[in-house]
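2 protein chains.
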Amino acid sequence: MKKKIPPKPWFFPRPVLLLSTRDGAGRDNIITVSWAGVACTKPPMVTVSLRKSRHSHACIHATMEFVANVPTSSQMDEAELCGTRSGRDTDKFVAAGFTKQNATIVAVPMIEECPINLECKVRQVFPLGSHDMFVAEVVKTHVQSSLLGQDGELSGSQLDCLGWGDGDFLRVVKGRPPRRGLQVL
Amino acid sequence: MKKKIPPKPWFFPRPVLLLSTRDGAGRDNIITVSWAGVACTKPPMVTVSLRKSRHSHACIHATMEFVANVPTSSQMDEAELCGTRSGRDTDKFVAAGFTKQNATIVAVPMIEECPINLECKVRQVFPLGSHDMFVAEVVKTHVQSSLLGQDGELSGSQLDCLGWGDGDFLRVVKGRPPRRGLQVL
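Here the protein sequences line up with chains U and F, keeping their order.
Once you know that position 101 of the first sequence is 101 in the numbering used here, the rest is easy, because the numbers rise by one and skip nothing.
Once you know that position 15 of the second sequence is 15 in the numbering used here, the rest is easy, because the numbers rise by one and skip nothing.
Pulled out of the complex, with its shape left as it was, chain U reads as follows (with noise of 0.2 Å):
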């Protein structure tokens, strides 16, 4: 039986990423976002979403650069610290021991720990109400080779990622699920 109930956002799952963000005195800061979603192939655009009163917020309104780190599942520790500390008072990429590795064309630093790193060019900002969305280009992508196929393409089975279900993180095993079978009419 379902039930009605006030309007919520509730797709599912939801992407788990850290975003990695220099401030405009060059500060890095990290944090953790689930309100995020692909755009665009042509060019590769995605959406991230943050409340103006985040910190993270002010870092890329400074730059309008960020890197999406995509963690494994064995990061969630690291991920749940990463959003739920502020970068105001603590240096995530330390309490959360991350190593900085350089992007190619932004200036904010990767995670070298998180197998895929997205190097995005904000390009557009729309406030929505309580959160603002960001609307970026990825401008470079760096990925772990083991997760790449013959063809160069990322396999999507070889993945064991983190998501996020409202109020618990959510495990996304390698593997498609099993083939129930469909009769086509």
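Keep in mind the hints are simulated off the structure, nothing from the lab.
The structure displayed is predicted, hence computed values, not measured ones.
Be a bit skeptical, because a hint or two may be false.
Repeated chains share a single entry, so a pair holds when one copy, or any two copies, can fit it.
What the hints assert, rightly or not - 27 Å max Cα-Cα, derived DSS-like pairs, lysine-lysine:
{"no.": "1", "residue 1": "42", "residue 2": "140"}
{"no.": "2", "residue 1": "52", "residue 2": "4"}
{"no.": "3", "residue 1": "2", "residue 2": "52"}
{"no.": "4", "residue 1": "52", "residue 2": "121"}
{"no.": "5", "residue 1": "3", "residue 2": "100"}
{"no.": "6", "residue 1": "2", "residue 2": "121"}
{"no.": "7", "residue 1": "100", "residue 2": "4"}
{"no.": "8", "residue 1": "121", "residue 2": "42"}
{"no.": "9", "residue 1": "100", "residue 2": "2"}
With chain U fixed as given, assemble chain F onto it according to the hints.
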């Protein structure tokens, strides 16, 4: 070791959503999308992106309404069918064996078999390149009662939903990943 590759919008996991639509002539359709994300909490807003050439693009553009239906991992075959056939020549409700359920605010029918249905009204459309991004407000949410905790909130760990991982579906399993522990400095 990491490899630098041309830019790819590789957020993982991505949601798999079945969008139900009704065109200007009252014909219903379903399309599977993964270029989508949550954009705002208050008001609850989401984005979905579609190529202009898609039949569903015209349907949504005509009515500015859709329902985002969240499938379970056991509905992978239906998701595949709705993502690979065109509504121009297939009644996908019939082909997938789905039942129409009346929504309360939008005219578009919901998919009864999906445990979560989000009634959405498009507020803005942004052409980004290969895809147009529809920014929509969720105006009503329907959820299978068994997924709600005693506090009326959705218990994320009770979900067994379907993700997309570039080239293949991903399985999201119930329960968070094991905690590895982090020495917080």
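**Ascending list of hint numbers which this structure does not respect** = Result: hints 2, 3 break, sorted rising.
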